[in-house]
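Please model the complete structure; the sequences and the hints are all you need to start from.
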Amino acid sequence: MEQSVTAAQDDYRFKLKYQPPFDWDALIAFLAARATPGVEVVEASCYRRTIAVDGHTGTLQVEHCPTTPAIDLEVRFPDSHAMPVIVERVGRMFDLGADPAAIARHFAGDPLLGPLLTRHPGLRTPGAWDAFEVSVRAILGQQVSVAAATTIAGRIATRFGTAIESGDGLNRIFPTPGQLAAASIEEVGVIGSRAETIRALARAVIAGTVTFTAPSASSEVTAALQAVRGIGPWTAQYIAMRALGEPDAFLSGDLILRRMAGGGSARVLEQQSERWRPWRAYAVMLLWQAARDAESARPKVMDGVARLRPRSS
Numbered sequence: 532m533e534q535s536v537t538a539a540q541d542d543y544r545f546k547l548k549y550q551p552p553f554d555w556d557a558l559i560a561f562l563a564a565r566a567t568p569g570v571e572v573v574e575a576s577c578y579r580r581t582i583a584v585d586g587h588t589g590t591l592q593v594e595h596c597p598t599t600p601a602i603d604l605e606v607r608f609p610d611s612h613a614m615p616v617i618v619e620r621v622g623r624m625f626d627l628g629a630d631p632a633a634i635a636r637h638f639a640g641d642p643l644l645g646p647l648l649t650r651h652p653g654l655r656t657p658g659a660w661d662a663f664e665v666s667v668r669a670i671l672g673q674q675v676s677v678a679a680a681t682t683i684a685g686r687i688a689t690r691f692g693t694a695i696e697s698g699d700g701l702n703r704i705f706p707t708p709g710q711l712a713a714a715s716i717e718e719v720g721v722i723g724s725r726a727e728t729i730r731a732l733a734r735a736v737i738a739g740t741v742t743f744t745a746p747s748a749s750s751e752v753t754a755a756l757q758a759v760r761g762i763g764p765w766t767a768q769y770i771a772m773r774a775l776g777e778p779d780a781f782l783s784g785d786l787i788l789r790r791m792a793g794g795g796s797a798r799v800l801e802q803q804s805e806r807w808r809p810w811r812a813y814a815v816m817l818l819w820q821a822a823r824d825a826e827s828a829r830p831k832v833m834d835g836v837a838r839l840r841p842r843s844s
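Each residue of the sequence shown is one higher than the last, beginning at 532 in the working numbering.
By construction, these hints were calculated from the structure, which means they are not laboratory data.
Predicted, not measured: the structure shown is a model, and the values here were computed from it.
Per label pair, the in silico range of CB-to-CB distance:
| hint | residue 1 | residue 2 | range |
| --- | --- | --- | --- |
| 1 | R829 | G645 | 16 to 26 Å |
| 2 | P551 | E801 | 27 to 37 Å |
| 3 | P652 | R806 | 16 to 26 Å |
Backbone N, C-alpha and C fix where the C-beta goes; we use that ideal spot for every residue, glycine too.
Take a look at the structure:
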């Protein structure tokens, strides 16, 4: 049954600072490709989404400040007491606490990552507003394209999420674990095994066997995630990177990472990545960005000839 929430909204504005440099264009492009229809919108380098905190719902908007090293955050929400939580979560989502100078020093002499960081100084690791939401998205992204996972995520939000009225193209709160624990997710085009993995994760979160909040260490969370049938190392590490903000998360089995790092096996890449600790999540983002740069630079033949593009991570 569809639920709908309408509430009076108050406007709050914040300027959240960061340590420059900041590759805003790369981060917003990453989020744009994965924006769940109805839940998130990226337009003209502006990110907007629906939010829910302590039973209240609203929206937020984030833009890059052109004059100072900061992002501008506008929140429409009925409860002022939630502002510290919202600001903190947005800060993690946009990786505002990163120390790009320390990361640059660490990668400066690396023959693979050094040149990539020169092209993308201040590249951030995109976080997530909600850990369960991005975990579902990670499961949907197993062995399918980014575009396909985005489409299916939108169907899940529309079918099982809570409807809200925002008047700006945002109309759904992404489903909670309680809304998906017994949901017929197959109805929106998710294969049975993957749908059951999502339901199993939802039940684990409800039971507390998977928890995304402190004081659980990321290693404990990834171990708990991999105890859920259908969640392997790639998915667990992706969740650690985006939901937990783990700076050393690494997806050694990722095909694009392996290709961009020289075409070796997952074991070879894992060994290679040892020199990138404790910032391996930033190595992931640099290599993915290099793949996107190469794809963008590839000549595209038009006029009825198919354009061949590799699948993006």
